[in-house]
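> Let the hints inform the model, and build the full structure from the sequences given.
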Amino acid sequence: MAVLTAEKPKTAARAANRRRRVSPVLLAFVLVPLVVEGFWVFWPALQGFYLALTNWDGVSAPTFVGLGNFAEMFSDDIFKTAALDTVIWLVLFGGLSAAGGLALATLLQKERRGVGFYRAALFTPVVFSLVATSLIWQVIYQPDGVFNKVLGAIGLESWQHSWLADPKTALYAVLVPALWRQLGYVMVLYLAGLKGIDPALYEAAKLDGATAWQQFRNVTWPQLRSVNSVVLSVIIIDSLRSFDVVWSMTKGGPYHSSELLSTYMYATAFQSLRLGYASALAVVIFVLAFGVIVTYLVRAFREDS
Amino acid sequence: MKTRTFGFHLVAGGLAVLWLLPILLVLTTSVRSFSDIASNGLGALPSSFSLDGFGQAWGEGGGGHAMLNSLLVTVPTVLLALLLSSAAAFALSRYAIPFRRTLILVMLSGNLLPPQILLVPVAKLAELLGIYDTLTALIVVQVGFGLGFYTFVLQGFMRSIPDKVQQAALIDGAGVVQIFWRIVLPMTRPALAALGALAFTWTFNDLLWSITVLRTGSVMPVTPALLGLQGQYVSNWNVIAAGSVIAAVPTVAVFLRFQKHFISGLAIGAIK
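As given, the protein sequences belong to chains A and B, one line each in that order. Mapped onto this note's numbering, the consecutive letters of the first sequence carry residue numbers 1 to 305. Mapped onto this note's numbering, the consecutive letters of the second sequence carry residue numbers 306 to 577.
Hints may be right or wrong, so weigh each one.
[To be verified] Pairs of lysine to any residue, SDA-like flavour, derived with a Cα cap of 20 Å:
| hint | chain 1 | residue 1 | chain 2 | residue 2 |
| --- | --- | --- | --- | --- |
| 1 | B | Lys429 | A | Trp213 |
| 2 | A | Lys149 | B | Lys429 |
| 3 | A | Lys195 | B | Gln564 |
| 4 | A | Lys195 | A | Leu107 |
| 5 | A | Lys149 | B | Leu329 |
| 6 | A | Lys149 | B | Val322 |
| 7 | A | Lys251 | A | Arg274 |
Calculated from the structure, these hints are not laboratory results.
In structure tokens:
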């Protein structure tokens, strides 16, 4: 039977542990979950990488085409739109939710009357599904909906618009609900980070006569470094995964104007049934996420030791 | 000082109202009658009150049935995922399993993968096993995909439990299973509550996995069914709004019940 390592000098404990056999029960505790994940995640992932090198309609056997799918992307205009939109999405959705989340957290950081309500209000959308969110916003965006009504009321009739049906505005119209839902979440991350800052640092800064801005620059910001890296990883991974909100509002249209790599991948796989090319698109998404995944893992590894 | 407080409430209150308006709007739309919306427009002030939208969304729109499907998927998924991941986390955090750190990170990396790379193979795998288009397929893939993250969080939490407790049990002759079930698991309750609440909303709100492994309308959970509702009731905005309200009820309920845990769960990772 294995024993815990506490309250012994570390090296002695390690030596003691090495001598103890890991019991079969304990082994099962690790292996069963590992096998489940291996079967439904790692094995499919490997297949996904292989399928990216093939042409496959899902019925007949896949034919190996090497990097053909990736070469095809260079002449695929929809891919170019989707890639560009994904980058715009990353920058706008990521940038605005990070900046906005931090601003909201700083605003609502101090415990005072009413602050709980404000936090809850901003946080509420986080519990809705992105599909429900997109339906809520479709009600707003309709030609006879509230948004156009308000524009008319303040004398901006010329701005009135079928927001989701116009290729010029569709992507940004989808972005707003996504942000509406994400901001509260990022705010929670930052609130947790701000709570972890030692109040003594602010006391000292105040004694030195630091202004609110200087306190933020010289105390808050440097102290938030680790939270920033978490937020950054969460945001990049979330952006690349973003699918639901676009799929339920525009399906990537009109004319692919709000197409993201994720929606294009899904449509290619399950509507056009080009499973090989779709897998190649998924590999592109993976490559974009890879840096973040590795950084995240390295960070987790360091914390773990 | 007074004006600063006033300014704070003005800004924060304004934002809060702005944030809540869409929800309020959808709630009012859901209780308007179809004829009111059709004749006065979606953006007009409501001049009717009717629960027909809810009746239609729940009954002929299939909301009730979809809700049942969602619960049949979500409850087993959350229980299974937490059971498996807490077992793994227990072994990896309390015992000197060889390569334990590597194993934890490998498991976590599975959750960080973009799901898109898995979609096609997972759909084919489900077909191969004869579970394509069944709720079982959805449960197993959701469990598999969530395991890595849950294990990672739980092992971090379990490591902070004092060793003395476990040693005392060991001296009393408790086996691995007993230590896990009777001692460590109960002490992990706050983390389990946090992850349980999160896992519930994630699974319940899922769209991508559902539309990847399911095809038939009658097995669809709430989220994809909501999209179907939109296609079915194109301009019946009261029905569509009612549907989104219904779809939000379970997660809002979980959130209200586990508010504290839910928020601390979301903040996991931010503080370290």
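> Which hint numbers doesn't this structure obey?
1, 2
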